[in-house]
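Trainee: Sequence:
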Amino acid sequence: MVSMSERSSENVANENLTETKPMQRRTSARIQAVKEKSSRQKAEAIAERDEGKTSGSAAAEKPKRRYNKRSRKEESVAVVEGNNTVLEVKNETVGDGDVISEQPKKPKGNAKCEAMMKIKGERENKIDFENAADVIKPEKTDSLKVKETIRLFTKHYLHFVQEEEKRCAKAEADRKAAKAAKKASKSNKSALPEEIKNTAKRPDLKAITKMIQNNEILNPEKRVGTISGIEVGHQFYSRAEMVVVGFHSHWLNGIDFMGQSYAKVHKNYEYPIAIAIVLSGMYEDDLDNAEDVVYTGQGGHNLVGDKRQIRDQKLERGNLALKNCVEQCVPVRVVRGHESSSSYTGKIYTYDGLYKVVNYWAEKGISGFTVYKFRLRRLEGQPLLTTNQVYFTCGRVPQSVAEIRGLVCEDITTGQEDMPIPATNLVDDPPVPPTGFTYFKSVKVAKNVKLPMDATGCKCKDKCVDPTTCECALRNGSDFPYVSRDGGRLIEAKDVVFECGPNCGCGPGCVNRTSQRGLRYRLEVFRTAKKGWAVRSWDFIPSGAPVCEYTGILSRAEDMETVLENNYIFEIDCLQTIKGIGGREKRSTNVAFLENLLDKSDEQGSENVPEYCLDAGSTGNIARFINHCCEPNLFVQCVLSTHHDLKFARVMLFAADNIPPMQELTYDYGYALDSVLGSDGKIKQMPCYCGATGCRKRLF
DNA sequence: CATGTTCAGCGGTAT
DNA sequence: ACCGCTGAACATGTG
Numbered sequence: 001m002v003s004m005s006e007r008s009s010e011n012v013a014n015e016n017l018t019e020t021k022p023m024q025r026r027t028s029a030r031i032q033a034v035k036e037k038s039s040r041q042k043a044e045a046i047a048e049r050d051e052g053k054t055s056g057s058a059a060a061e062k063p064k065r066r067y068n069k070r071s072r073k074e075e076s077v078a079v080v081e082g083n084n085t086v087l088e089v090k091n092e093t094v095g096d097g098d099v100i101s102e103q104p105k106k107p108k109g110n111a112k113c114e115a116m117m118k119i120k121g122e123r124e125n126k127i128d129f130e131n132a133a134d135v136i137k138p139e140k141t142d143s144l145k146v147k148e149t150i151r152l153f154t155k156h157y158l159h160f161v162q163e164e165e166k167r168c169a170k171a172e173a174d175r176k177a178a179k180a181a182k183k184a185s186k187s188n189k190s191a192l193p194e195e196i197k198n199t200a201k202r203p204d205l206k207a208i209t210k211m212i213q214n215n216e217i218l219n220p221e222k223r224v225g226t227i228s229g230i231e232v233g234h235q236f237y238s239r240a241e242m243v244v245v246g247f248h249s250h251w252l253n254g255i256d257f258m259g260q261s262y263a264k265v266h267k268n269y270e271y272p273i274a275i276a277i278v279l280s281g282m283y284e285d286d287l288d289n290a291e292d293v294v295y296t297g298q299g300g301h302n303l304v305g306d307k308r309q310i311r312d313q314k315l316e317r318g319n320l321a322l323k324n325c326v327e328q329c330v331p332v333r334v335v336r337g338h339e340s341s342s343s344y345t346g347k348i349y350t351y352d353g354l355y356k357v358v359n360y361w362a363e364k365g366i367s368g369f370t371v372y373k374f375r376l377r378r379l380e381g382q383p384l385l386t387t388n389q390v391y392f393t394c395g396r397v398p399q400s401v402a403e404i405r406g407l408v409c410e411d412i413t414t415g416q417e418d419m420p421i422p423a424t425n426l427v428d429d430p431p432v433p434p435t436g437f438t439y440f441k442s443v444k445v446a447k448n449v450k451l452p453m454d455a456t457g458c459k460c461k462d463k464c465v466d467p468t469t470c471e472c473a474l475r476n477g478s479d480f481p482y483v484s485r486d487g488g489r490l491i492e493a494k495d496v497v498f499e500c501g502p503n504c505g506c507g508p509g510c511v512n513r514t515s516q517r518g519l520r521y522r523l524e525v526f527r528t529a530k531k532g533w534a535v536r537s538w539d540f541i542p543s544g545a546p547v548c549e550y551t552g553i554l555s556r557a558e559d560m561e562t563v564l565e566n567n568y569i570f571e572i573d574c575l576q577t578i579k580g581i582g583g584r585e586k587r588s589t590n591v592a593f594l595e596n597l598l599d600k601s602d603e604q605g606s607e608n609v610p611e612y613c614l615d616a617g618s619t620g621n622i623a624r625f626i627n628h629c630c631e632p633n634l635f636v637q638c639v640l641s642t643h644h645d646l647k648f649a650r651v652m653l654f655a656a657d658n659i660p661p662m663q664e665l666t667y668d669y670g671y672a673l674d675s676v677l678g679s680d681g682k683i684k685q686m687p688c689y690c691g692a693t694g695c696r697k698r699l700f
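Reading the first sequence from the start, the letters are residues 1 to 700 in the UniProt record's numbering.
Derived by calculation from the structure, the hints in this document are not laboratory data.
A hint or two may mislead.
What the hints assert, rightly or not - Straight-line alpha carbon distances no greater than 25 Å define the calculated SDA-like cross-link-like pairs of lysine to any residue that follow:
id: 1; residue 1: Lys206; residue 2: Ala263
id: 2; residue 1: Lys530; residue 2: Ala672
id: 3; residue 1: Lys441; residue 2: Arg520
What the hints assert, rightly or not - Label pairs and their in silico Cβ distance ranges:
id: 4; residue 1: Asn214; residue 2: Asp680; range: 47 to 53 Å
id: 5; residue 1: Asn214; residue 2: Thr414; range: 46 to 52 Å
id: 6; residue 1: Gln213; residue 2: Leu144; range: 21 to 27 Å
id: 7; residue 1: Gly368; residue 2: Thr468; range: 57 to 63 Å
id: 8; residue 1: Glu380; residue 2: Asp680; range: 55 to 61 Å
id: 9; residue 1: Ala177; residue 2: Asn214; range: 33 to 39 Å
id: 10; residue 1: Val358; residue 2: Gln685; range: 54 to 60 Å
id: 11; residue 1: Trp251; residue 2: Ala169; range: 34 to 40 Å
Only a predicted model underlies this, so the values are computations on that prediction, with no experimental measurement involved.
Where a beta carbon is used, it is the ideal one built from N, C-alpha and C, also for glycine.
Work out the full structure, taking the sequences as your base and the hints as a guide.
Mentor: In structure tokens:
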């Protein structure tokens with residue numbers, strides 16, 4: 001290998017990317033990052049930069065950038081760490097499944113059951129501060145695994161939604177064609193079957209099947225007790241989500257139990273035993289039942305809406321399993337279903353903790369048939385089942401301007417957005433509104449930047465539907481990147497999304513213009529104690545939905561280098577991300593059209609650093625208030641519509657998860673550690689206060 | 001808003 | 001290998 005110092009600046013650009021990274025003269029925060037971070041490499045990199053400076057080579061003419069990109073957290077003060085994690089340990093330890101399964105078979109009587117609870121209590125108290133870090137380590141990855149598994153599920157789900165939408169569109173087209181054909185030849189009764197097969201209406205179930213086939217189900221083995229990574233209060237947005245994380249293995253049944261087959265593996269129980277139940281149609285009014293529940297067993301239902309019994313229930317299947325739980329003191333995971341607009345399915349399921357099956361009895365139900373009833377009591381020592389967890393969002397989300405506490409500005413957008421964005425401040429005294437910027441809804445272009453507008457459009461009319469003919473769909477790999485459902489959702493993160501633009505024949509309602517329709521959710525800017533301003537939504541945001549664009553002044557990156565300490569600069573690093581140079585995650589799917597674009601940019605000798613950036617320092621939209629998080633709920637997606645130049649790609653933020661109301665919106669700023677240089681030329685560090693379990697502890 | 005249809009993995013049983 | 005249980009999700013129908 002040629003040693004670094006022997007390289008001339010001219011051949012730098014031709015070197016392979018990994019090697020050239022330390023050679024970059026321009027200190028772009030993300031790009032300059034050295035991926036493998038041995039200190040030796042770092043030292044070499046710095047030495048290289050110094051050399052470039054003094055030698056006056058061509059590359060060195062480009063001055064160092066002295067600002068910190070989007071590092072507005074400098075106002076932040078000291079961090080308090082630890083408290084939260086300790087709490088988490090407590091939560092996790094209570095009701096730990098292993099503790100339960102260690103118990104001998106068939107403890108007799110209640111005394112032993114009580115003893116079990118006590119054992120757990122002692123364990124909980126034993127956890128000390130020093131060991132806490134070790135204990136929670138696996139929990140961190142487990143909760144992340146849960147999140148990732150659900151994201152994977154959503155991806156499959158949206159994929160099947162799209163297939164379904166395609167099928168419906170085709171069916172519709174066929175039907176129209178058939179009608180037209182009939183009109184054309186009236187007498188002819190050529191029997192084109194009007195009825196189109198109604199299959200596969202359940203994309204959620206398709207997604208489950210897919211994940212089973214791919215071995216993507218988390219915790220495929222059933223187990224008693226808690227599931228690591230799923231805390232009390234966890235919200236599921238469909239039954240299917242519970243299946244794919246191994247929390248409740250049926251998408252239909254209320255009672256999940258371990259059958260005889262488990263007797264071979266875990267001999268300490270008499271099977272079947274129930275492990276998880278779903279309380280559906282539980283009305284929010286009977287709060288008294290929160291800790292105490294009377295659950296009706298399964299069987300004998302007529303399986304239709306009127307919910308009437310038509311046969312006697314028998315002590316078998318789930319009922320038998322619950323009975324065995326009484327006798328063997330097996331705790332049961334309890335999930336409650338709630339009607340809620342805060343979900344794409346209209347329902348939310350909350351994990352409300354472990355319950356003990358106290359006793360059971362048979363009685364004659366309303367219709368005169370035998371039903372089994374089970375009294376469940378919530379185990380002690382678990383996180384409180386607060387009103388908020390039962391009512392989650394209700395009551396907390398303001399319904400009108402008058403209800404907003406700490407209001408400091410009614411609408412920071414000055415009426416530009418379709419809905420007002422209020423700002424609140426319950427932190428400062430006196431409460432101050434956000435200042436020092438001008439709200440501007442869309443991107444402004446700097447005087448010395450010429451934005452191309454040369455995208456050739458598709459020839460579709462009204463709405464693009466056929467991905468095999470729509471030119472814009474073809475650019476995305478012969479599929480639209482969005483589904484229409486829920487107002488448009490991105491199926492998965494892409495290198496770049498090609499949307500329809502001004503030269504397309506379709507109208508604004510086209511699914512391939514999903515990110516062009518402005519704000520869809522009632523957002524709020526609120527003041528935090530440690531992180532400055534932050535953003536949250538009053539509405540539920542489904543995973544894959546567009547949240548907002550990052551706007552600012554579209555400027556040449558090199559013009560920014562004279563600016564000191566501008567913390568609101570977003571480098572348009574789409575190209576670099578695709579090439580795998582940047583700090584952001586590499587995405588999937590390479591499409592022929594995109595390959596073409598990349599080749600073209602290579603011919604132009606396009607850089608390994610972003611040429612353009614969005615400066616939201618003085619002018620910008622809501623996105624400039626969104627904080628960084630190491631485990632964020634939004635992701636960055638580059639979008640092209642008016643042109644096909646990756647250097648000027650629009651920057652959109654999409655929901656990475658289903659986001660409940662009032663949860664802070666965050667994305668990963670994408671810094672590589674040690675990639676930002678201060679005005680003194682030294683590596684600058686910035687602590688991260690995001691509070692995620694997997695926090696890197698430093699922003700850069 | 002009520003009613004109806006379809007969905008597919010599982011636990012158990014028979015082979 | 002087969003069969004029946006199960007109630008969620010969603011489409012369709014009705015006033």
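Trainee: Each hint needs a verdict: does it hold in this structure or not?
Mentor: Evaluation of the provided hints:
no., hint, verdict
1, Lys206 with Ala263, "31 Å, violated"
2, Lys530 with Ala672, "22 Å, holds"
3, Lys441 with Arg520, "14 Å, holds"
4, Asn214 with Asp680: 47 to 53 Å, "51 Å, holds"
5, Asn214 with Thr414: 46 to 52 Å, "49 Å, holds"
6, Gln213 with Leu144: 21 to 27 Å, "23 Å, holds"
7, Gly368 with Thr468: 57 to 63 Å, "59 Å, holds"
8, Glu380 with Asp680: 55 to 61 Å, "57 Å, holds"
9, Ala177 with Asn214: 33 to 39 Å, "37 Å, holds"
10, Val358 with Gln685: 54 to 60 Å, "55 Å, holds"
11, Trp251 with Ala169: 34 to 40 Å, "27 Å, violated"
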